[in-house]
Structures are given as C-alpha cells and as structure tokens.
Amino acid sequence: MKVLTVERKILKKNEDIAAENRQRFRQANLKVLNLLSSPGAGKTTLLERTLERLAPPYRVAVVEGDVQTDNDARRIARHKVPVVQVITRGGCHLEASLVQEAVTNFELDQLDLLFIENVGNLVCPANYDLGEDLKVVIISTTEGDDKPLKYPPMFRVAHVCVINKIDLLPYVDFDVQKARDYAHGINPDLRFFELSARTGQGLEHWVQWLESLIPKPPA
Amino acid sequence: MHEMSVAQSIVQIVEEVLQEQNAHKVLKVVVKIGELVAVVPESLQFCYRAITEGTTLGESELVIQTVPVRALCQGCGREFSPQRPFFICPFCESSRVRLLQGQELQVSELEVEE
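Residue numbers (my numbering), protein chains in the order written: chain V, 1029 to 1247; chain D, 664 to 777.
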C-alpha cells in the first residue's frame, strides 16, 4: 500500500475554463455580470427593465440559464437583444464550460455588457466561477429577510446585493435594514441596491451604476 | 444537488492520478471539504458510491475531511474561528477579515495498492 499526496482542486477544470472565459471577455473589453437568486426573486424582470434602459444605447447580450424551458429567453428576446438559452436539464447551476459554449453565439467584440442569468438557486452556483467580472445576488421582499444568514457562501462571494420588490414592503414582514445588516456581517464589501423592477422605483441607481462599469462610450 | 458533479470531478482526478502513477487499484480517496463550501458529505458519499459501483474505484473508500473556517483579522492581526454566519473579529469587532481556510474543495490524498 502506498499513500500519494495529491492536493488537487476538485473544481480545477471549471476554474481553468472560467479563467479562459475571463480572458476572452477582457480582450473584448466587455463587462460580464452573473445574476444569482432563488427562484422567483425577479432576475428576469430586473433584466427586462434594465434592457429597456440600457439597450440601446449599449450593446448588451444575455445568457439565460434554466433547468427547463426557454420561457425566459423568449421574454428577453422581445427586447431585441442577442440571447442564448442554456437548459441544464436538472443541473442546479451553470458551469464555465456551458457559458463558454453559449457565448460562441455572440460577437463578443461587438458587445459592451453581458448578463448571465444563473439557475434560480442560492446554494450551488456560489461554487462555480463562470469568468464573470461581478456576481450580483438578488433577494426580494417576499422572501425572508434572513436569506443572507441561510445562504452565507453566496453572500460571501457576491459583489453586489439587489433587494427587489420594495414596492411590496407595506404588505410583507421583510425588514430591509435587517437584511442589509445580515448580509453586511457576512460580506462587508457588498454594494446594495434597493429597487422595484416592477414599478421602476430605485432602478435609476442600478442603471447608473451599470453604466459606470461599461468601459466604452455608447455606440 | 451539485454533489453529483463534484463526485464526477473527484473520480476524474483519481483516474488521472492512477494513470500518472501507473497504479491500478485505489483503496482510499481522501478529500477536503471546507465548511463554507456548500457540499453535503452524506450526499457526496451517496453520489460517489453510485457512480463508482462496478468500476475500478468500486471498492475504494471515500474519506471526507471537513475543514473548519479560520480567519485572520485585518484590523488587529489575530487569527480566529468566526462565529458563523458572521465574519466579525471577536477581539476588535472589525469586519475586515481574510479567510485562511474553510473554502477547500480538493482531493488531498490517495491510498493505492502497490
């Protein structure tokens, strides 16, 4: 019997492909955001409202990840932006290889901003780097304000936290300050946006921030 | 349920190492899983068994070592175990902390037959 010291990262393959993606995106001078949330927090609606404001003037594309159906891709396609649907068929997260394949459908050099809408799940996608610049976690006021406490790995890896559906605050028990404090305790560097994708309340700050990320002037 | 894809990656790594080392039978596979990584040991065991059954890894034992979270305070420079879920220094209450361990997800050791 012999003991071999291995020390190899289990997700090394994914990390290698994510690094390739990141390099490709940088070469194309393109900002990439990975949108993460539980199902129903409003990722697709937020994307739709964002596209209405940003595309045009900016050139934006979307990768839609879902377990089944191309319903979300069809919603996005109405906004006349390039969109690719990735169906994971049961897979609970997107992996870098799926994104690498999906973006072959786009002219990356002709884009300013790429959104990757991950599968609705606050657990597994936290472990999988896709090559994005920033991870945006979206929670909504119809969920518990203790979401950050329940899913700390996700809030630890995220760069931005969007609190959506603030128009419903009078009707729900969600305490925005509590949610922010919990998330802040897990990740002091988190940047917050409070908004309602449905009514447009607070959307301006989010849109302005996205614009500030884009390295190129509008086409 | 990404334990299945984690199990598949483990098997891939083990097969690579076996080939590199010209070994044939693996008796034990030791993996390190950080507490902050959302992997459930029981699910991982189940998936590993399911995909290795009837293969050359069928008789191998998967040993999962859980790695506790340790952090270093950037404020006072002391090391501590964060009281989850918060990453706040118990000495100076700074939230500027760097994780030292707890995010591992790796195959650390193989026991093979000579």
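These are computed hints drawn from the structure, not numbers from a lab. All C-beta atoms, glycine included, are put in the ideal place defined by N, C-alpha and C. Misleading hints may appear alongside valid ones.
Below, computed lysine-lysine pairings styled on BS3-like, alpha-carbon distance capped at 25 Å [claimed, not checked]:
1) LYS691(D) - LYS1178(V)
2) LYS695(D) - LYS1040(V)
3) LYS1206(V) - LYS1178(V)
Short, incomplete list of chain D residues facing chain V, as computed with Cβ under 7 Å [said to hold, decoys possible]:
4) ALA701
5) VAL703
6) SER706
7) VAL730
8) SER758
Structure-based check of each hint:
Using a Cα cut-off of 25 Å, the hinted pair LYS691(D) and LYS1178(V) is violated, with the two alpha carbons roughly 33 Å apart. Between the alpha carbons of LYS695(D) and LYS1040(V) the distance comes to roughly 14 Å, so the proposed pair stays at or under 25 Å and holds. Between LYS1206(V) and LYS1178(V), the direct Cα distance comes to roughly 13 Å. Compliance with the 25 Å bound is thereby established for this hinted pair. Residue-level restraint check for ALA701(D) holds (minimum Cβ-Cβ distance to chain V is 5 Å; threshold 7 Å).
Proximity of VAL703(D) to chain V is violated relative to the hint, the smallest CB-CB distance being about 10 Å (cut-off 7 Å). A cut of 7 Å between beta carbons decides the hint on SER706(D): the least distance to chain V is about 11 Å, and the hint is violated. About 13 Å separates the beta-carbon of VAL730(D) from the nearest beta-carbon of chain V, more than 7 Å, and the hint is not met. Checking SER758(D) against chain V by beta carbon gives a least distance of about 4 Å; that is within 7 Å, so the hint holds.
Figure legend: structure checked against the earlier numbered hints; hints not met, in rising order: 1, 5, 6, 7.
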